[in-house]
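Trainee: One-letter residues, chain by chain:
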Amino acid sequence: MNMALWFTLVGAALAAIALHAFFSRRHPLRRLIALNIMGSGIFLVLIGLARLYPGTLPDPVPHAMVLTGIVVAVSATAFGLVLLRRLARLGRGET
Amino acid sequence: MSGVTLALDLLLGLSLVWLAWRTLASPTLFGAIVLFIAFGLLMALVWARLDAPDIALAEAAVGAGLTGVLLLAALADLQQGDNLLPVREPLRGWLLQLILALCALGLFTLLTLALLGLPSPPPSLAGQVLPRLDGAGASHPVTAVLLDFRAWDTLLEIAVLLLAVVAAWSLGSHPHPNPRIVGSEVLQGLVRVLLPFAVLSAGYLVWRGGFAPGGAFQAGTVLAAAGILLLLSGLGRPFNGRHWLWRALLASGLFIFTGVALGTLLLGGGALDYPAGLGYGLILAIELGLTLTIGLTFIALYAGEQDAAEERE
Amino acid sequence: MNPADLLVWLVLLPVLLAALLFVAPEGWRTRLGQLGTLLCASLALLLAWQVLQHGPISVALGNWQPPLGIRLHADGLSALMLALTALVALPLAAHAPAWFVRHEAAQSRAGAFFWPLWMFQWAALNLLFLAGDLFNAYVGLELSGLAAVALVALGGQRAALEAALRYLLLALFGSMLYLLGVALLYGAGGVLDLTLLGAQLEADHASRAALLLITLGLLIKTALLPFHFWLPAAHANAPAPVSAILSGLVVKASFVLLLRIWFEIFHPIGLGGAGEVLGALGIAAIIWGSLQAMRQERIKLLVAWSTVAQLGYLFLIFALAVELAWAGSVLHALSHGLAKAALFLAAGNIVLALGHDQIHRLHGAAGKLPLTFFTVALAGVSLMGLPPSGGFAAKWLMLQAAIDLGRWPYVVAIIGGSLLAAGYLFPLLRHALAGTHDPRQREGERLLSRWLEFPPLLLATLALLLGLMALLPMSLLSGGMPVSLR
Amino acid sequence: MILALLATVLIGAGLIFFIAGTLGLLRFPDVLCRIHALTKADNIGLGLVAAGLALLGGSWAVAFKLLLIWLLVMAAGTTAAQLVAGHSQAEDER
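Protein chains in written order, with this note's numbering: chain A, 1 to 95; chain B, 1 to 313; chain C, 1 to 486; chain D, 1 to 94.
The set of hints was computed from the structure by calculation and includes no laboratory data.
SDA-like, lysine to any residue: derived pairs with alpha carbons at most 20 Å apart:
hint, chain 1, residue 1, chain 2, residue 2
1, D, Lys40, D, Pro29
2, D, Lys40, D, Phe18
3, D, Lys65, B, Ala198
4, D, Lys65, B, Ala48
5, D, Lys65, B, Arg208
6, D, Lys40, D, Leu15
7, D, Lys65, B, Ala212
8, D, Lys40, D, Leu10
9, D, Lys65, B, Val193
10, D, Lys40, D, Gly77
11, D, Lys65, B, Ala60
12, D, Lys65, B, Pro196
13, C, Lys368, C, Arg430
14, D, Lys65, B, Ser201
15, D, Lys65, B, Leu194
16, C, Lys368, C, Asp357
17, C, Lys368, C, Arg102
18, D, Lys65, B, Pro213
19, C, Lys368, C, Gly435
All chains, full assembly: derive it from the sequences and hints.
Mentor: See the structure below:
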């Protein structure tokens, strides 16, 4: 089997596992991790597709999309974590 | 030889799936985070295997490194005393479990069918990008897409980055993580050694991005790592968000980028249409601004805003 | 100014303002924000005028034409949604500062952070209304989602933060599904531009899977039943000006994107059978949302559940895929945007003035707050779809489409939905109007400043007037009707 | 040819150290022993792999970069090991 196609399937598997974890887990930290793994799976699908391009260089457009996606994902994760910490402190009665 | 690489690819893919499963099924939060970091490093290996060195760098630095640090810092904060968050994971009913498992299986089947059914080779934009590299402001294809052909995406992504800081600070300050390692002399020694290297390699990565893998994201993350080490070692102090200068520095990348976009628009060429000959210089200017902003943003997201009052405590 | 430049300004100006508002000292933010609102709103209305005069406008960023570059596209639908956003933003700029000053429970800094966050949201909305590129729309969705969550969290209370966290997780999950669909479409079509993709795609496994993923992702963000569960808590616990933005505008942005993707990409390749499912879900949302709204004890929750019900109407277009229903659906998005913004601001005023939001304790409140309850009644006229409101015109168009097609379940749902809306709005007004005159109200003391009371009244009036001027949006829309519907 | 053979031997030897270190990490009873196994083995292991790669790299510039990587990883590894050990000692004393 083609190497790039194999990794797109790995990406699909990652997305499916993460989907399961996202809904079966309750702790927000775990759910954020699940979302990040789902993101990695999607990025893998994109980069696998880019490598299927029959040239010496892969298609750079998905690469740029994934780089953008990684930065967006870390921004959202970072904000989610701050929200989580704020909520936890509120629960402890601090302000 | 191809048999060996095939076996390695299969092994790499399978271990990635296995590691993801272990991460998500880990009984403790700490274990989940550590496994997630390992997962990120393995991902970096896969990116390298797929000829995506830019993403390998970004994944190792951002995906595994920075996200891992943020997760660990949050965990340290969450584990101080009781809070409202669920501690135990109650087992869901078997029916729900079954439905979820079927959903996951369904998604996998759906994607597999879709991916295997794609035309071979799939249509792509690579044929559009490569012939136009001469007219672009960067000869490295990925940088050319990011900062020229699809610079609009990147501009908005920088807006997302600044939004994350604004959003985080709107929630009020949170205490700077204060683990026992702060003040360790060994760490301070290491930081003193590493700091010049970090600045040097950040500069190198930006300059390299014009013609080879590298660029502002990777460089910014290196800067952020240096900054976080400074904070951890106790050599540096978190910056004070109440001072407008810090906020202006955080926003500087976005100011430069929108400035270039509106400048090119007002000069009559159309937004982000770099004038002939100026493309390389403008892209380098944008990248330098982005590097600084990205570095500062990640530090700000890690340390949170510190009020002047709190700093004195 | 070149009309095409307007499209770029409409996204970049709010982004620039957001950054400036963040850097500016907290004391300056209100004035700067109001000035910025005036600028952005004028640009949006100017663009709508240009589209009305000269037809759709496109611009390729960096002069790189698609498929390589990114295209922004303003047609009648974009123009109307941009104008709606501007018309909500203008009264809001007067109302929000007054509200944040009065609202003691909010954090002291909530008012200062409202402005940069709202400007980011505005930029994201404008981008989504103009987007011609699927991945660019993904960045827009994330920008909008993060800003929306942060705006909810400005509420500060535990309930607001919990709702914000849940909203964040689901919004991110929705974007992930969307991105996965976009990845498949790129694999199948090799382009990201909406129109080019529509011309290129065939009904194969990849496009079917992409349809499912993109639709699911955007349904979560638009909160169509059964993905509505995050909405009531998030919209009801947010500060009142934020609720108005979320219910009036933010859910519409993902809907507009879905509308475009559906009718430009998927409808032409004949996956219309899935539209029946969306239409049926729309009917279910109208019924379930209304029933839940009737059961609510708190005003803001009632209004939030009403949003769940009213969003159901938007999805009838997917089953009634004809021009009339398209126009009705867009008109409904407009009139609901105005009326719901008015209703949420008015509800926030009631909570501010009375110090509680229990519906059964509203006894005689209309006497204390005549203007605010007049606003509630006016907005209610539009939500119930009574003439001459915008809601009436929208429902009339949809009804006519359903009758023309002989789709009787939809006829029943559209008429029944109006009765159900009356079922949850009348008790609210009945409680408020009933009761004796309390001598204390006679002292002539205003419970609310005019900055709080007039902006929602203006919005409710606009929602009403929309029905009288329905020809204007209709003529705008006729230019941008998707090819597959003509 | 001889160079390639030498490089293979060096990398192979390095991998043995990695395996030994990993085994120690998994099998040793407490934190300090594990750190002991990990750092000792990995420093030498990485050094051998880097040396082997330097031979294959074919230029002094590559060799210099690999040397730099080895030194930096050792510095970071040592610091991390010291911090983990200090933390574990503090935990024990509590």
